[in-house]
Amino acid sequence: MMELINRVFGSRLGSKDDAKARLKLLLVHDQVDLSPAQLDSMKAEIIEVIGRYVEIDRDSVDFKLERSNGEIALVSNVPVRRVVARAV
Amino acid sequence: MSECIVITSGKGGVGKTTTSANLSVSLAMMGHKVAVVDADIGLRNLDVILGLENRIVYDLVHVIEGECRLKQALIRDKRLENLFLLPAAQTRDKSAVNPDQMRKLVEQLKAEFDYVVIDCPAGIEQGFKNSIAGADKAIIVTTPEVSAIRDADRIIGLVEAAELPEPRLIINRFRQKMVDRGDMLNKDDILEILAIPLIGVVPDHEDIIVSANRGAPVAFDDTSVVGEAYRRIARRVSGEADVPFVALQPVGFWENVKRWMGLSAKAGV
Ligand SMILES: Nc1ncnc2c1ncn2[C@@H]1O[C@H](COP(=O)(O)OP(=O)(O)OP(=O)(O)O)[C@@H](O)[C@H]1O
Ligand SMILES: [Mg+2]
Chain A
49 MMELINRVFG
59 SRLGSKDDAK
69 ARLKLLLVHD
79 QVDLSPAQLD
89 SMKAEIIEVI
99 GRYVEIDRDS
109 VDFKLERSNG
119 EIALVSNVPV
129 RRVVARAV
Chain B
45 MSECIVITSG
55 KGGVGKTTTS
65 ANLSVSLAMM
75 GHKVAVVDAD
85 IGLRNLDVIL
95 GLENRIVYDL
105 VHVIEGECRL
115 KQALIRDKRL
125 ENLFLLPAAQ
135 TRDKSAVNPD
145 QMRKLVEQLK
155 AEFDYVVIDC
165 PAGIEQGFKN
175 SIAGADKAII
185 VTTPEVSAIR
195 DADRIIGLVE
205 AAELPEPRLI
215 INRFRQKMVD
225 RGDMLNKDDI
235 LEILAIPLIG
245 VVPDHEDIIV
255 SANRGAPVAF
265 DDTSVVGEAY
275 RRIARRVSGE
285 ADVPFVALQP
295 VGFWENVKRW
305 MGLSAKAGV
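In the order they appear, the protein sequences are chains A and B.
Here the first sequence is numbered in my numbering, starting from 49 and rising by one per residue.
Here the second sequence is numbered in my numbering, starting from 45 and rising by one per residue.
Derived from the structure by calculation, the hints contain no laboratory data.
Treat the hints with care, since some could be wrong.
Keeping only pairs whose Cα atoms sit at most 16 Å apart, straight-line, the calculated EDC-like set for lysine to aspartate or glutamate is [stated by the list, open to error]:
#1 Lys68/A <-> Glu236/B
#2 Lys173/B <-> Glu189/B
#3 Lys64/A <-> Glu204/B
#4 Lys231/B <-> Asp78/A
To spell it out: a stretch of chain B is covered by chain A in this simulated footprint if at least three of its residues, at any positions, have a beta carbon under 8 Å from a beta carbon of chain A; those stretches are [what the hints assert, rightly or not]:
#5 78 to 88
#6 154 to 166
#7 228 to 236
Quick reminder that beta carbons are idealized off the backbone N, C-alpha and C, glycines included.
With the hints as constraints, model all of the structure from the sequences given.
So, in structure tokens, the structure goes:
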């Protein structure tokens with residue numbers, strides 16, 4: 049109820065939202081054991097491969113490791129500008 | 045059919061010993077024959093929480109090293125004749141015992157008791173490995189805090205890797221008022237993150253400290269909301285289905301009045 053009032057009146061979010069967001073990230077990294085730097089280089093390589101087939105908007109590519117129900121997933125959103133003719 | 049349940053958490057100080065004592069008392073009050081084992085070798089506490097510290101002659105390490113028989117080391121509770129404590133050694137350390145020895149000890153205890161409850165030390169090393177060695181099931185204790193939940197997640201992974209089926213969760217030191225104002229993770233937040241079944245929510249409550257002072261676990265107090273929380277956990281542990289979780293209320297004026305008049309507080313969890 050208080051939570052609702054807080055939201056409705058646009059006051060600060062409770063600190064539990066910080067806790068939850070931090071935990072989610074923390075647990076993914078604990079489980080996957082990939083550093084942010086490794087994640088970045090994986091992202092660069094994947095983008096590079098995708099870019100060979102389709103033209104993508106590199107600046108709005110979004111890559112995240114997410115966890116739900118104990119399972120980790122690599123969630124990505126790669127906006128495609130247009131499909132380029134495949135150069136074989 | 046008897047069962048060994050280990051109470052573990054990863055992070056220290058979140059309530060493993062308090063939980064072990066109260067779960068054991070509650071199970072024994074239901075009529076089960078219960079042995080509770082203090083596996084925190086070198087830092088024994090369970091004896092004090094149960095108020096049995098003056099009766100210790102032998103301990104777990106004596107039994108394992110064959111210096112006494114199991115029966116000699118088991119201390120019968122002063123209030124419940126079907127509750128027994130196997131104390132930890134205070135002057136030794138975790139390396140005095142290995143997982144094989146613990147497994148054998150638990151087998152011996154299971155032959156005599158309906159429930160064997162193991163109070164695991166903090167950490168993920170030897171003491172933890174010893175504690176889960178003979179267990180059939182695990183209960184993970186956490187508090188609604190980032191660090192405790194993170195460690196709980198790690199422990200859940202280790203428990204599952206040790207092939208203990210489906211660990212269950214107790215959320216301890218829960219504060220409804222903080223949850224209401226958005227400053228504490230709620231039940232659903234924690235379950236979403238840890239993804240294991242919940243077996244109880246225990247409020248943060250001064251009754252715990254009072255009962256620790258007296259050496260009489262709060263589960264003995266049938267007017268206490270926290271006591272009720274533990275008794276309900278014990279009912280769930282013993283397989284009773286659909287034991288309700290009732291909304292937790294902060295201790296209010298009327299509850300205090302009722303307690304003062306000796307009426308039992310039926311709010312609970
Ligand atoms: N629900 C509660 N409300 C208030 N205080 C609590 C509650 N649960 C535990 N405590 C307090 O927290 C402290 C730690 O509890 P406890 O000894 O059970 O934790 P532990 O996990 O066994 O610790 P360790 O890792 O050192 O073995 C104690 O002082 C206890 O009284
Ligand atoms: Mg303890």
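Hint check against the structure, violated hint numbers in rising order: Hints 2, 3, 4, 5, 6 contradicted; others consistent.
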